[in-house]
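*Asks:* Residues per chain, in single letters:
2 protein chains.
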Amino acid sequence: MNPELIDTLVVENTTTIVFVILDGIGGLPHPDTGRTELETAVTPNLDSLARQSICGILDPIGYGITPGSGPAHFALFGYDPVIHNVGRGLLTAAGIEFAMKEGDLYARVNFATADEKGMITDRRAGRIDTETCARLCRRLNEHLTGTAGADVLFVPEKEHRALLVLRGDNLREEITDTDPELTGKPPRVPRATVPEAETTRRLIEEVTARARRVLAAELRANTILLRGFARFREYRTFEGRFGLKALAIANYPMYRGIARLLGMTVHPVTASVRDQFGSLRENFRRYHFFFLHVKATDARGEDGNFDGKVKAIEEIDSLIPEVVALKPDVLVITGDHSTPAVMASHSWHPVPVLLSSALCRPDAVMHFGERDCITGGLGRLPMVYLMGLALAHARRLSKFGA
Amino acid sequence: MNPELIDTLVVENTTTIVFVILDGIGGLPHPDTGRTELETAVTPNLDSLARQSICGILDPIGYGITPGSGPAHFALFGYDPVIHNVGRGLLTAAGIEFAMKEGDLYARVNFATADEKGMITDRRAGRIDTETCARLCRRLNEHLTGTAGADVLFVPEKEHRALLVLRGDNLREEITDTDPELTGKPPRVPRATVPEAETTRRLIEEVTARARRVLAAELRANTILLRGFARFREYRTFEGRFGLKALAIANYPMYRGIARLLGMTVHPVTASVRDQFGSLRENFRRYHFFFLHVKATDARGEDGNFDGKVKAIEEIDSLIPEVVALKPDVLVITGDHSTPAVMASHSWHPVPVLLSSALCRPDAVMHFGERDCITGGLGRLPMVYLMGLALAHARRLSKFGA
Chain A
1 MNPELIDTLV VENTTTIVFV ILDGIGGLPH PDTGRTELET AVTPNLDSLA
51 RQSICGILDP IGYGITPGSG PAHFALFGYD PVIHNVGRGL LTAAGIEFAM
101 KEGDLYARVN FATADEKGMI TDRRAGRIDT ETCARLCRRL NEHLTGTAGA
151 DVLFVPEKEH RALLVLRGDN LREEITDTDP ELTGKPPRVP RATVPEAETT
201 RRLIEEVTAR ARRVLAAELR ANTILLRGFA RFREYRTFEG RFGLKALAIA
251 NYPMYRGIAR LLGMTVHPVT ASVRDQFGSL RENFRRYHFF FLHVKATDAR
301 GEDGNFDGKV KAIEEIDSLI PEVVALKPDV LVITGDHSTP AVMASHSWHP
351 VPVLLSSALC RPDAVMHFGE RDCITGGLGR LPMVYLMGLA LAHARRLSKF
401 GA
Chain B
1 MNPELIDTLV VENTTTIVFV ILDGIGGLPH PDTGRTELET AVTPNLDSLA
51 RQSICGILDP IGYGITPGSG PAHFALFGYD PVIHNVGRGL LTAAGIEFAM
101 KEGDLYARVN FATADEKGMI TDRRAGRIDT ETCARLCRRL NEHLTGTAGA
151 DVLFVPEKEH RALLVLRGDN LREEITDTDP ELTGKPPRVP RATVPEAETT
201 RRLIEEVTAR ARRVLAAELR ANTILLRGFA RFREYRTFEG RFGLKALAIA
251 NYPMYRGIAR LLGMTVHPVT ASVRDQFGSL RENFRRYHFF FLHVKATDAR
301 GEDGNFDGKV KAIEEIDSLI PEVVALKPDV LVITGDHSTP AVMASHSWHP
351 VPVLLSSALC RPDAVMHFGE RDCITGGLGR LPMVYLMGLA LAHARRLSKF
401 GA
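As they're listed, the protein sequences go chains A and B.
Residues 1 to 402 (the numbering used here) make up the first sequence, in order.
Residues 1 to 402 (the numbering used here) make up the second sequence, in order.
This is chain A alone, in the form it adopts within the complex:
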């Protein structure tokens, strides 16, 4: 089924849908206990919800595919994650609220450290502070004014991260990353993957070379690495597709960026997960859809911190009654992908999901965990179909055919 079939069936309603996205929630068993992070955590509230819900497991992209957070979130929001896949550059631009323009080309910049032979010794330049990042961007912008072929702009993001904007005519995005992704190697030479991108490729090589000369005297941030070249593109908005006025309560730039790309209202950054749930409560009557994004589960998973991830899950569990008390018509709890602590990285394993609604047909699942959700009534399904299920349970889809 084409995921966009649901767009043709959307009807107006006043019902409310809440997506609580526990980033990287899916896990793998701890070697000592045989239980995953979610199975280890004490989660009375999630379990109680699971008993009244329909559960299942979601494949963000496809069998065996480990997703980046970008495509996984597109899938969560009902956008085909392969068709809508987009370079990190565009997500970075959206995340920092850069005023994007048709024709722009973006790339994500890492300030990095290279030794005298040009080998990368630190891909994050010792995590320079954000002020240093801003100062370096200013210097680069001064020195790169008047580059032939495009306006060049470096915009600071956070710590060692920045955005490169090339604004010109006929710029192409079919350029490979210069980030070697490993230390001990030199930056990669960018390649054009289609002949039409050759002019842009030369421009990027020139910008990179000039940037290195400008940064040469820096102790740590003496080079730049580029990845995720992406031209500006416009997305059909979430509200346009589904008729849902949406609020994103997410604290990290990338997720804020995706929400913004899809036209969601983005809530100001909050101080804690507890505050995120508070913001949900305060705004509950003002929107029809809430995307509440919790980063801690993924962060602990990426750190390989099994116990930390368990704790993060237990903290969320303690906040679940606050959402339930708001009585959303549909409450979905899931993740964008798995980040098993034992792998300390994103993985391809499917993600447990729970959908609670007065109209859900319950199944036999008693606990919210990977093994239990396998036996759930939703079965195993591509993540992109979750949005249609949420809309259906919120009575926001009309009948298909006579």
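Check each hint, because a few of them may be wrong.
Stated by the list, open to error - DSS-like, lysine-lysine: derived pairs with alpha carbons at most 27 angstroms apart:
#, chain 1, residue 1, chain 2, residue 2
1, B, Lys158, A, Lys399
2, B, Lys295, A, Lys399
3, B, Lys245, B, Lys101
4, A, Lys295, A, Lys158
5, A, Lys399, B, Lys185
6, A, Lys245, A, Lys399
7, A, Lys295, A, Lys245
8, A, Lys185, A, Lys158
9, A, Lys399, A, Lys327
Just so you know, these hints were derived from the structure itself, not from any lab.
With chain A's structure known, arrange chain B on it following the hints.
*Replies:* Same frame as chain A, now just chain B:
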């Protein structure tokens, strides 16, 4: 997998397949008991069959999509329900055995009541009797003779329902319904959804206006509402695709219409469900495929009559031994979609299915019910693939590839 892949594998055999379709069989839990209609019904025969069968749950169209009966039946018969979706007009024409012709445009007509301001007060004109319907069609046909652009024909169906046939050149079906679907509103003005349909749209507006003048003096049926515009089209026949001589034992026009569109033989209307099973027995040696359609389950569901639906299920259960005694090579029991009594409407929830055959690999399912079928060996699958499974278990498909 393309559902038409199976067509290339079909081989001859003499085996028999029976589909018992319990319309709207899928349900939702009763708030007092937590059990669905199927889980509430006492069904020793279906349960006994389930123990020797392979079970699962079927999505008629896709996750979250509530199907009309038309596309759901296309899916049951192995026809992609989105590609083959067709306006109600064509199903009505086929259902009343109208002699269809290439180029015809059909619409389903409701005679309706409008007040002096033109607002619809009854979408079914007080369910006028079939004789009145026939009389009104005759009058309309007399008065609308000589309409420029097409021959106009109203054909009575049943009670307030009729068929509108426009026979002419270059008629288009891309016209929106005039039925407002609610009372207290005027009929909708038809819209052409592609520019090429504008001539047809004007013709339909004229036919509607003239029909209203003809009907103006009627007390109840003083206007018409049109929906489901559809041009004639030919389908690849069921027998042509699968090599199965098929008999449809269905009493409602819509299902008889679909069967006829697909080239099945349609059994005369019978007086009761018991007679339908009797007709199956009588014809058992004369066909290879039987489509036995039971309407009561859906009708009680649509009425919101939980207990009535339970009773209808129990009546079917009592008839199941008659089918089993015939020893079909494959016996499938399922529905076309869910019609939970608590919703009193079609819904998107998947449909339990049971496939019984000497070659099925049984699973652990002990009862024929929604929650049990979730754990069945067929898993959760798109309904369109059911036909291939039936053919395989009937040894009617050859090997794919070397």
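*Asks:* Does each hint fit the structure? Answer for all of them.
*Replies:* Checked hints:
At roughly 24 angstroms between alpha-carbon atoms, Lys158(B) and Lys399(A) fall within 27 angstroms of each other, so this suggested pair holds. A distance of roughly 19 angstroms separates the Cα atoms of Lys295(B) and Lys399(A); the hinted pair therefore holds under the 27 angstroms criterion. Straight-line distance between C-alpha atoms of Lys245(B) and Lys101(B) comes to about 24 angstroms, which keeps the hinted pair within the 27 angstroms bound. As the CA atoms of Lys295(A) and Lys158(A) are separated by approximately 17 angstroms, the hinted pair is consistent with the 27 angstroms bound.
Proximity of Lys399(A) to Lys185(B) is assessed by CA-CA distance (about 21 angstroms); at most 27 angstroms being required, the pair is judged to hold. Taking the CA atoms of Lys245(A) and Lys399(A), the gap is near 22 angstroms; set against the 27 angstroms cutoff, the hint holds. For a cut-off of 27 angstroms, the pair hint linking Lys295(A) to Lys245(A) stands: about 23 angstroms separates their Cα positions. A distance of roughly 24 angstroms separates the Cα atoms of Lys185(A) and Lys158(A); the hinted pair therefore holds under the 27 angstroms criterion.
Proposed proximity of Lys399(A) and Lys327(A) is supported: the alpha carbons are some 26 angstroms apart, at most 27 angstroms.
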